[in-house]
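S.K.: As they're listed, the protein sequences go chains R and F.
Residue numbers for the first sequence, in the UniProt record's numbering: 1 to 608.
Residue numbers for the second sequence, in the UniProt record's numbering: 1 to 441.
Derived by calculation from the structure, the hints in this document are not laboratory data.
Here a beta-carbon is modelled for each residue, glycine too, at the ideal position from N, C-alpha and C.
One thing to keep in mind: the hints can contain errors.
Restraint-style ranges between C-beta atoms, simulated for each label pair [stated by the list, open to error]:
(1) R:SER111 - F:PRO117: 48 to 58 angstroms
(2) F:SER76 - R:LYS105: 28 to 38 angstroms
(3) R:LEU24 - F:PRO224: 53 to 63 angstroms
(4) R:GLY479 - F:PRO117: 25 to 35 angstroms
(5) R:PRO173 - F:SER76: 26 to 36 angstroms
(6) R:ILE142 - F:ALA215: 56 to 66 angstroms
(7) R:PHE110 - F:THR212: 27 to 37 angstroms
(8) R:PRO173 - F:VAL351: 25 to 35 angstroms
(9) F:PHE38 - R:LEU134: 50 to 60 angstroms
Going by beta-carbon spacing under 10 angstroms, a handful of chain F positions derived as facing chain R [as the list claims (entries may be wrong)]:
(10) LYS70
(11) LEU207
(12) GLY210
(13) GLY211
(14) PHE270
(15) GLY399
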Amino acid sequence: MKYLENRKYVIQGIFLVVGVLFALRLFYIQVVDSSYKQAAETNAIKPVIQYPFRGLIYDRNGKLLVQNTPVYDLMVIPKEVKDLDTLRLMELVNLPLEDVRERLKKARAFSYVQPSAFYQKLSTEDFARIQDNLIDFPGFYINARTARGYPHQSLAHALGYIAEISPKQLEDPTYKGYRPGDYIGKSGIELEYEKYLMGKRGVKYKMVNVRGVEKGSFKDGAYDTLSVAGENLVSTIDLDLQQYGEYLMNGAKGSVVAIEPSTGEVLAYVSSPFYDPNLFTGKEYGKNYMALLNEPNKTLFNRPIMASSNPPGSIFKLAQALIALQEGIITPNTGYPCNQSLVKCSHAHQAPTDLSIAIKTSCNPYFYQVFRAVLNQGKSKNTFKDTAIGLADWREQITSFGFGTKLGIDLPNEKQGIIASPDMYNKVYGENRWKFSTIYSLSIGQGELGVTPLQMANFMATIANRGYYITPHIIRSIGEKGKPLPEYQKRHYTTVESRHFTPVVEGMAAVVESGTGRNANLDKIGIKVCGKTGTAENPQGKDHAVFVAFAPKDDPKIAIAVYVENAGFGAQSAAPIAGLMIEKYLTDSVSRKPMEQWVLSRKYLEIK
Amino acid sequence: MGVEPKVLRNKVVAAPKSRRTSNRVLQYMDWPTVLLYFLLVALGWMNIYAAVYSPDNVVNILSFDINSGKQLVWISAAVVLIVMLLVVDYKVYEHLAYPIYGSIILLLLVTLVVAKPIAGSRSWLDLGGGIRLQPAELAKFATALAASKFLSSVNLRQQRFKDQMILAGITLLPPVIIILQNETGSALVFAAFVLAYFREGMSPLLLIVGGTAAAIFILTLLVPKLYLIIAITLLMGLATWLDYRLLKRFKTMILLWVAVVGMVFSVDFFVNNILQPHQQNRIKALINPEADPLGYGWNVTQSKIAIGSGGFWGKGFLEGTQTKFDFVPEQSTDFIFCTIGEEHGWIGSTVLIGLFMLLLIRIVSIAERQKSVFARTYGYCVVSIIFFHFLVNVGMTIGLAPVVGIPLPFFSYGGSSLWSFTILLFILIAIDANRSQDLAR
Ligand SMILES: [Zn+2]
Numbered sequence: 001m002k003y004l005e006n007r008k009y010v011i012q013g014i015f016l017v018v019g020v021l022f023a024l025r026l027f028y029i030q031v032v033d034s035s036y037k038q039a040a041e042t043n044a045i046k047p048v049i050q051y052p053f054r055g056l057i058y059d060r061n062g063k064l065l066v067q068n069t070p071v072y073d074l075m076v077i078p079k080e081v082k083d084l085d086t087l088r089l090m091e092l093v094n095l096p097l098e099d100v101r102e103r104l105k106k107a108r109a110f111s112y113v114q115p116s117a118f119y120q121k122l123s124t125e126d127f128a129r130i131q132d133n134l135i136d137f138p139g140f141y142i143n144a145r146t147a148r149g150y151p152h153q154s155l156a157h158a159l160g161y162i163a164e165i166s167p168k169q170l171e172d173p174t175y176k177g178y179r180p181g182d183y184i185g186k187s188g189i190e191l192e193y194e195k196y197l198m199g200k201r202g203v204k205y206k207m208v209n210v211r212g213v214e215k216g217s218f219k220d221g222a223y224d225t226l227s228v229a230g231e232n233l234v235s236t237i238d239l240d241l242q243q244y245g246e247y248l249m250n251g252a253k254g255s256v257v258a259i260e261p262s263t264g265e266v267l268a269y270v271s272s273p274f275y276d277p278n279l280f281t282g283k284e285y286g287k288n289y290m291a292l293l294n295e296p297n298k299t300l301f302n303r304p305i306m307a308s309s310n311p312p313g314s315i316f317k318l319a320q321a322l323i324a325l326q327e328g329i330i331t332p333n334t335g336y337p338c339n340q341s342l343v344k345c346s347h348a349h350q351a352p353t354d355l356s357i358a359i360k361t362s363c364n365p366y367f368y369q370v371f372r373a374v375l376n377q378g379k380s381k382n383t384f385k386d387t388a389i390g391l392a393d394w395r396e397q398i399t400s401f402g403f404g405t406k407l408g409i410d411l412p413n414e415k416q417g418i419i420a421s422p423d424m425y426n427k428v429y430g431e432n433r434w435k436f437s438t439i440y441s442l443s444i445g446q447g448e449l450g451v452t453p454l455q456m457a458n459f460m461a462t463i464a465n466r467g468y469y470i471t472p473h474i475i476r477s478i479g480e481k482g483k484p485l486p487e488y489q490k491r492h493y494t495t496v497e498s499r500h501f502t503p504v505v506e507g508m509a510a511v512v513e514s515g516t517g518r519n520a521n522l523d524k525i526g527i528k529v530c531g532k533t534g535t536a537e538n539p540q541g542k543d544h545a546v547f548v549a550f551a552p553k554d555d556p557k558i559a560i561a562v563y564v565e566n567a568g569f570g571a572q573s574a575a576p577i578a579g580l581m582i583e584k585y586l587t588d589s590v591s592r593k594p595m596e597q598w599v600l601s602r603k604y605l606e607i608k
Numbered sequence: 001m002g003v004e005p006k007v008l009r010n011k012v013v014a015a016p017k018s019r020r021t022s023n024r025v026l027q028y029m030d031w032p033t034v035l036l037y038f039l040l041v042a043l044g045w046m047n048i049y050a051a052v053y054s055p056d057n058v059v060n061i062l063s064f065d066i067n068s069g070k071q072l073v074w075i076s077a078a079v080v081l082i083v084m085l086l087v088v089d090y091k092v093y094e095h096l097a098y099p100i101y102g103s104i105i106l107l108l109l110v111t112l113v114v115a116k117p118i119a120g121s122r123s124w125l126d127l128g129g130g131i132r133l134q135p136a137e138l139a140k141f142a143t144a145l146a147a148s149k150f151l152s153s154v155n156l157r158q159q160r161f162k163d164q165m166i167l168a169g170i171t172l173l174p175p176v177i178i179i180l181q182n183e184t185g186s187a188l189v190f191a192a193f194v195l196a197y198f199r200e201g202m203s204p205l206l207l208i209v210g211g212t213a214a215a216i217f218i219l220t221l222l223v224p225k226l227y228l229i230i231a232i233t234l235l236m237g238l239a240t241w242l243d244y245r246l247l248k249r250f251k252t253m254i255l256l257w258v259a260v261v262g263m264v265f266s267v268d269f270f271v272n273n274i275l276q277p278h279q280q281n282r283i284k285a286l287i288n289p290e291a292d293p294l295g296y297g298w299n300v301t302q303s304k305i306a307i308g309s310g311g312f313w314g315k316g317f318l319e320g321t322q323t324k325f326d327f328v329p330e331q332s333t334d335f336i337f338c339t340i341g342e343e344h345g346w347i348g349s350t351v352l353i354g355l356f357m358l359l360l361i362r363i364v365s366i367a368e369r370q371k372s373v374f375a376r377t378y379g380y381c382v383v384s385i386i387f388f389h390f391l392v393n394v395g396m397t398i399g400l401a402p403v404v405g406i407p408l409p410f411f412s413y414g415g416s417s418l419w420s421f422t423i424l425l426f427i428l429i430a431i432d433a434n435r436s437q438d439l440a441r
């Protein structure tokens with residue numbers, strides 16, 4: 001084994017050879033070859049990120065919804081500041097002395113030699129004034145970049161806003177490639193379409209000296225990559241209609257959602273109260289945001305897709321009728337007595353001898369009896385079990401209209417709402433402890449039901465299409481000539497056959513012609529409107545007014561849902577708004593000026 | 001009733017024994033190695049501070065906001081670890097070699113399954129509370145223990161094919177899993193075991209063939225092929241001229257020549273068709289970093305500029321400029337050597353290389369004075385692993401080896417790597433301190 005022990009010399013020899021080799025190589029690099037020393041002086045290269053233009057957003061007629069506006073930051077390089085007249089600087093930027101000192105201190109703490117923002121997002125007036133005086137302030141300069149701008153001040157809830165990426169998002173692998181200080185979509189379309197809007201960053205390689213100060217571009221930019229602008233988006237929104245909707249809703253709380261039935265395109269998306277989206281772009285962003293967040297009317301609440309806890313009220317009777325027709329429980333000619341049973345009618349009306357009249361008069365006992373027949377079909381002899389079976393079947397049909405599920409609109413934070421289910425009642429009452437008389441209020445759209453305004457508008461689009469809907473969406477194409485995403489081209493059929501829609505549509509036409517929806521009547525200008533009023537019970541205060549409609553009856557171009565909070569009966573407030581919106585969209589003008597005046601007067605809010 | 005006095009007696013006997021044990025450990029511990037260890041750790045710590053130091057924004061070396069502050073926490077933990085390793089009965093390392101190895105393999109597999117990918121590699125095990133562990137680091141000492149145990153087994157016959165296969169299996173299983181975790185750098189380290197096996201009797205052929213192949217591979221990339229072939233031919237001619245006996249093996253010589261030339265020509269094919277793109281880039285950066293100084297050559301170029309600008313005497317502690325502003329990426333972990341090169345010049349770099357040489361040679365002599373095959377083999381495994389890290393890490397910063405992300409032992413920033421080398425080294429120190437016990441047995 002002696003010969004093996006000698007191998008230690010081989011091993012130690014290898015170590016020493018490597019050590020000597022490294023020392024020689026280092027001697028060559030560090031002492032003999034002087035090119036590395038020169039490189040260190042001059043050839044230090046620093047990548048500088050080039051930010052791309054964020055994609056623009058247009059409305060369906062090519063009007064600009066979102067643009068990029070130049071903003072100016074006052075930058076400072078502490079090392080280059082000389083003979084600073086702090087008092088004059090204080091006047092120039094209009095800040096208290098302490099603040100100026102604090103900002104300078106911060107800049108120095110960040111870096112003595114590298115630029116940092118002294119004052120972000122100067123107003124146009126400030127910019128002009130400061131620019132003229134900068135010559136007296138060495139070390140200060142103005143850096144131009146772009147921010148979002150909204151030339152029209154509308155559609156804030158749907159557009160969303162952008163802001164600096166949060167530390168939490170930076171850790172999220174979804175946002176790989178973002179850096180601190182980057183701007184990113186925080187809500188609405190800006191968030192949903194972030195990956196298309198953001199574009200692609202470029203890099204410029206700058207030569208910097210040993211202190212990190214720029215000395216020009218590296219090899220004349222041979223290695224630079226250009227930034228690629230983000231994709232422009234075309235929205236489905238009709239800006240004129242949108243602004244008219246906001247005009248009508250200004251001062252009220254609620255939602256207006258209008259959809260083109262044949263395509264599922266959202267034409268108007270009003271969440272009221274609303275705010276000017278430009279509030280979130282300036283230097284006051286944080287302050288404005290907090291002010292709106294703490295405001296009692298919940299301005300930031302995105303009502304059309306998030307107000308999901310309120311029952312739909314009488315408009316739900318349309319769905320009840322459709323399901324009953326499909327189940328063969330009733331025919332268009334079925335009549336029930338207005339018998340003032342568990343539910344009553346508050347007003348005397350024409351006897352509901354057929355379905356159409358029942359819809360026109362919104363007869364509560366009629367739909368109470370229809371719903372009972374739907375739930376209790378005698379599939380089980382036990383009436384408790386029979387109701388549970390009936391409710392489960394009913395629920396399957398009702399959800400095919402898009403109720404109780406997220407529709408899948410291209411906006412974040414959509415809520416699904418509530419549709420009563422056997423499980424829900426089993427939890428509250430226990431299995432086989434509830435029956436029709438427990439849950440009858442569902443028949444008239446009250447009780448364990450929650451529907452978003454978007455779902456209501458989609459419901460109208462479904463009836464307008466006589467049986468199917470296309471998922472509502474707010475972006476029509478990515479790039480100016482693109483197509484909608486494939487999920488927004490597919491028809492979703494309900495469980496109800498097309499032929500059963502005819503009597504319901506007739507009933508809705510009667511509502512507007514001679515029933516509770518007369519305030520939305522446009523017969524004078526030759527437009528046949530079909531609609532239905534509703535009142536959503538509000539345990540906290542005055543009831544909410546609902547009106548849903550579509551028009552024209554035979555070739556529907558617009559389906560609409562109007563939801564006005566605390567406005568009582570739908571006929572007085574919601575129906576006129578819907579009528580005005582439909583006329584505005586179809587004829588591009590408004591003939592019923594007194595009706596418009598009535599809506600703007602907000603008198604409907606005072607009616608008891 | 002008869003039990004009680006027994007317990008009492010045990011207690012009485014146990015206390016002085018353990019005191020004697022710790023005294024013995026302190027007395028026989030190899031102090032030169034321990035001092036070298038602490039010297040390297042301390043120098044590393046100062047250089048980690050230098051790497052993050054910025055004259056515009058001076059942060060205290062102890063601040064936890066910067067790497068040097070965090071490293072100090074890990075160094076303190078390493079000291080606790082050392083005490084534990086020395087207090088534990090030194091025999092457990094041998095007795096539990098296989099169970100330790102088994103559990104680490106299991107841990108590697110678990111990591112492969114549950115780890116979330118971090119920068120493309122699934123090698124970090126999240127222990128919660130912000131603490132992460134890289135089991136690949138632990139695999140080094142575990143494999144060293146298992147291989148040593150196997151080589152020291154009584155009925156082992158090195159020439160038997162079956163035993164050779166088992167040894168190869170023990171050595172190759174961890175790197176295979178580690179490659180699956182996408183940590184090629186850590187997996188390469190296991191090649192170092194060849195050196196230890198060579199000392200224990202493995203045929204030198206593997207070492208010679210492997211070493212020559214690696215040398216030819218790198219030379220092919222650095223030197224034009226024609227020159228290389230002429231040089232090889234001349235070298236073989238020279239050998240034949242010096243030793244006439246080689247003429248008798250003329251056929252073998254021709255075959256050898258054909259094999260070497262064949263390899264020279266197949267390197268391109270290997271690089272372009274077999275390696276993955278990021279591996280190709282590392283190889284290409286080695287050949288000609290100036291070809292694309294901003295792409296794959298960035299690390300190598302910047303690292304060489306930093307070291308080269310240090311000159312003979314260096315710029316002085318904290319006076320470096322190239323290792324600031326993020327010119328050199330990962331300057332406190334894998335590229336820590338740049339900071340020494342820049343701030344302490346050729347003198348400092350050479351002193352550091354000298355310290356590593358002293359440590360390596362010292363460990364070899366520790367290994368050689370062991371009475372048991374297990375202890376000696378383990379010592380050689382330790383020295384081989386440290387050497388391999390030193391070779392590749394320093395080699396890559398001065399442009400002699402491809403960029404492989406492995407740390408400089410005891411020096412680089414990072415808890416996992418510091419602890420892994422501490423465990424590796426101090427198990428040896430513990431075994432060595434008790435070698436007189438083995439003699440007495
Ligand atoms: Zn009635």
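S.K.: Evaluate each hint against the coordinates.
M.R.: Going through the hints against the structure:
1. R:SER111 - F:PRO117: 48 to 58 angstroms: Roughly 34 angstroms apart at Cβ, these two residues miss the hinted range, so it is violated.
2. F:SER76 - R:LYS105: 28 to 38 angstroms: holds (35 angstroms)
3. R:LEU24 - F:PRO224: 53 to 63 angstroms: Cβ of R:LEU24 to Cβ of F:PRO224: about 22 angstroms, so the range 53 to 63 angstroms is violated.
4. R:GLY479 - F:PRO117: 25 to 35 angstroms: Since R:GLY479 and F:PRO117 have Cβ atoms about 33 angstroms apart, the given range 25 to 35 angstroms holds.
5. R:PRO173 - F:SER76: 26 to 36 angstroms: holds (33 angstroms)
6. R:ILE142 - F:ALA215: 56 to 66 angstroms: holds (59 angstroms)
7. R:PHE110 - F:THR212: 27 to 37 angstroms: violated (54 angstroms)
8. R:PRO173 - F:VAL351: 25 to 35 angstroms: Violated, at about 43 angstroms.
9. F:PHE38 - R:LEU134: 50 to 60 angstroms: holds (56 angstroms)
10. LYS70: violated (18 angstroms)
11. LEU207: holds (8 angstroms)
12. GLY210: violated (12 angstroms)
13. GLY211: holds (8 angstroms)
14. PHE270: violated (24 angstroms)
15. GLY399: holds (8 angstroms)
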